[in-house]
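Peer 1: Just so you know, the protein sequences line up as chains S and X, in that order. Going by my numbering, the first sequence opens with residue 1, and the numbers climb by one from there. Going by my numbering, the second sequence opens with residue 114, and the numbers climb by one from there.
None of these hints come from the bench; they were simulated from the model. Just so you know, not all the hints are guaranteed correct.
[Unchecked claim] Stretch by stretch, here's where chain S covers chain X in the computed footprint (C-beta under 8 Å, at least three residues):
1) 122 to 135
2) 187 to 195
[Claimed, not checked] Non-contacting residues of chain S with respect to chain X, defined by C-beta distances greater than 10 Å in every case (computed):
3) 12
4) 52
5) 53
6) 86
[Said to hold, decoys possible] Pairs of lysine to aspartate or glutamate residues, derived as DMTMM-like cross-links and limited to a Cα-Cα distance of at most 20 Å, are as follows:
7) 213(X) / 51(S)
8) 213(X) / 28(S)
9) 99(S) / 144(X)
10) 183(X) / 142(X)
11) 53(S) / 79(S)
12) 53(S) / 28(S)
13) 99(S) / 139(X)
14) 213(X) / 72(S)
15) 71(S) / 22(S)
16) 3(S) / 26(S)
17) 191(X) / 174(X)
18) 213(X) / 30(S)
19) 225(X) / 199(X)
20) 3(S) / 72(S)
21) 18(S) / 69(S)
22) 183(X) / 165(X)
23) 71(S) / 30(S)
24) 213(X) / 59(S)
25) 213(X) / 139(X)
26) 70(S) / 56(S)
27) 55(S) / 72(S)
28) 99(S) / 174(X)
29) 70(S) / 22(S)
30) 3(S) / 28(S)
31) 186(X) / 165(X)
32) 213(X) / 79(S)
33) 225(X) / 130(X)
34) 99(S) / 142(X)
35) 57(S) / 30(S)
36) 70(S) / 30(S)
37) 53(S) / 72(S)
38) 99(S) / 165(X)
39) 3(S) / 22(S)
Every residue gets a Cβ at the ideal spot worked out from N, C-alpha and C, and that includes glycine.
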Amino acid sequence: DVKVTQSSRYLVKRTGEKVFLECVQDMDHENMFWYRQDPGLGLRLIYFSYDVKMKEKGDIPEGYSVSREKKERFSLILESASTNQTSMYLCASSTTSPKNIQYFGAGTRLSVL
Amino acid sequence: AQTVTQSQPEMSVQEAETVTLSCTYDTSESDYYLFWYKQPPSRQMILVIRQEAYKQQNATENRFSVNFQKAAKSFSLKISDSQLGDAAMYFCAYNTNAGKSTFGDGTTLTVKP
Numbered sequence: 001d002v003k004v005t006q007s008s009r010y011l012v013k014r015t016g017e018k019v020f021l022e023c024v025q026d027m028d029h030e031n032m033f034w035y036r037q038d039p040g041l042g043l044r045l046i047y048f049s050y051d052v053k054m055k056e057k058g059d060i061p062e063g064y065s066v067s068r069e070k071k072e073r074f075s076l077i078l079e080s081a082s083t084n085q086t087s088m089y090l091c092a093s094s095t096t097s098p099k100n101i102q103y104f105g106a107g108t109r110l111s112v113l
Numbered sequence: 114a115q116t117v118t119q120s121q122p123e124m125s126v127q128e129a130e131t132v133t134l135s136c137t138y139d140t141s142e143s144d145y146y147l148f149w150y151k152q153p154p155s156r157q158m159i160l161v162i163r164q165e166a167y168k169q170q171n172a173t174e175n176r177f178s179v180n181f182q183k184a185a186k187s188f189s190l191k192i193s194d195s196q197l198g199d200a201a202m203y204f205c206a207y208n209t210n211a212g213k214s215t216f217g218d219g220t221t222l223t224v225k226p
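Please work from the sequences and hints to get the whole structure.
Peer 2: Below, the structure written as structure tokens:
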């Protein structure tokens, strides 16, 4: 079974802190994604990566950056956390084929105080 | 750009009854893939069903089936014999050729015993 593991289920940080959210997948997938999920807004794509060291901005990249140094790991970085970044963050991975599904991690609920 | 619209923020169904969740999308592509994902409370998002646009036959997976109307750009999910475990948020999604997904805002389904 495909496994996508997010390092934390719950995280509490203070405004201005640098925050790292880590995601690891074990299926050798080329694509990895970071989404933000807020009530009434569905899933919004922050960044995605289609290969090591390759990344593309999604719909809401402002205030975020990403890193993909190894194929299995995709990190989301909040350079200076703000209260409006309090949210649920979902990581996903997939192959490059458009017919293939995305496999999701359990999510990280981040609270920025 | 592709858009996906789920017009029903919330739906409810009596256990053992049938419910249909609506989804419409907008695209200029002729070949694409559509998905329904399920996110149970506090659990990982998983695939429910997938439809390939070039196939006229509607996809089915046990109690789950879709009504795919390509000309109308409609992709509804029918859940038959609803069970308590079907209670979740359901997301409709469209895959681009690069394997990137556009999600709807989600429909929260409540199943009443």
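Peer 1: Hint by hint, say whether it matches the structure.
Peer 2: Going down the list of hints, with the structure as the test:
1. 122 to 135: Violated - the region 122 to 135 of chain X has 1 residues with a Cβ nearer than 8 Å to chain S, which falls short of three.
2. 187 to 195: Per the Cβ count (0), the hint is violated.
3. 12: Label holds. Min Cβ-Cβ 18 Å, cutoff 10 Å.
4. 52: Holds, because the least Cβ-Cβ distance between residue 52(S) and chain X comes to about 16 Å, which exceeds 10 Å.
5. 53: At about 17 Å from chain X, residue 53(S) clears the 10 Å cut-off, so the statement holds.
6. 86: holds, 17 Å
7. 213(X) / 51(S): holds, 13 Å
8. 213(X) / 28(S): At roughly 17 Å apart (the allowed maximum being 20 Å), residue 28(S) and residue 213(X) satisfy the hint.
9. 99(S) / 144(X): At roughly 10 Å apart (the allowed maximum being 20 Å), residue 144(X) and residue 99(S) satisfy the hint.
10. 183(X) / 142(X): It holds: about 11 Å lies between the C-alpha atoms, which stays within 20 Å.
11. 53(S) / 79(S): Status holds; Cα separation ~18 Å.
12. 53(S) / 28(S): holds, 15 Å
13. 99(S) / 139(X): The given pair, whose Cα atoms are some 18 Å apart, holds under the 20 Å limit.
14. 213(X) / 72(S): Measuring from Cα to Cα gives roughly 18 Å; hence the hint holds.
15. 71(S) / 22(S): Within the cut-off at roughly 13 Å; holds.
16. 3(S) / 26(S): Given that 20 Å is the threshold and the Cα spacing comes to 6 Å, the pair holds.
17. 191(X) / 174(X): The hint holds at about 10 Å.
18. 213(X) / 30(S): Holds: residue 213(X) and residue 30(S) sit about 12 Å apart, inside 20 Å.
19. 225(X) / 199(X): holds, 10 Å
20. 3(S) / 72(S): holds, 11 Å
21. 18(S) / 69(S): Cα-Cα ~19 Å, so holds.
22. 183(X) / 165(X): Status holds; Cα separation ~10 Å.
23. 71(S) / 30(S): holds, 7 Å
24. 213(X) / 59(S): holds, 12 Å
25. 213(X) / 139(X): holds, 15 Å
26. 70(S) / 56(S): holds, 16 Å
27. 55(S) / 72(S): Holds - the C-alpha atoms of residue 72(S) and residue 55(S) are around 14 Å apart, at most 20 Å.
28. 99(S) / 174(X): holds, 17 Å
29. 70(S) / 22(S): Since the Cα atoms of residue 70(S) and residue 22(S) sit roughly 12 Å apart, the hinted pair holds (cutoff 20 Å).
30. 3(S) / 28(S): With Cα atoms ~11 Å apart, residue 3(S) and residue 28(S) stay inside 20 Å; holds.
31. 186(X) / 165(X): holds, 13 Å
32. 213(X) / 79(S): Status violated; Cα separation ~25 Å.
33. 225(X) / 130(X): holds, 10 Å
34. 99(S) / 142(X): holds, 14 Å
35. 57(S) / 30(S): holds, 16 Å
36. 70(S) / 30(S): Status holds; Cα separation ~11 Å.
37. 53(S) / 72(S): holds, 12 Å
38. 99(S) / 165(X): holds, 7 Å
39. 3(S) / 22(S): holds, 14 Å
Violated hints for the displayed structure, listed by number in ascending order: 1, 2, 32.
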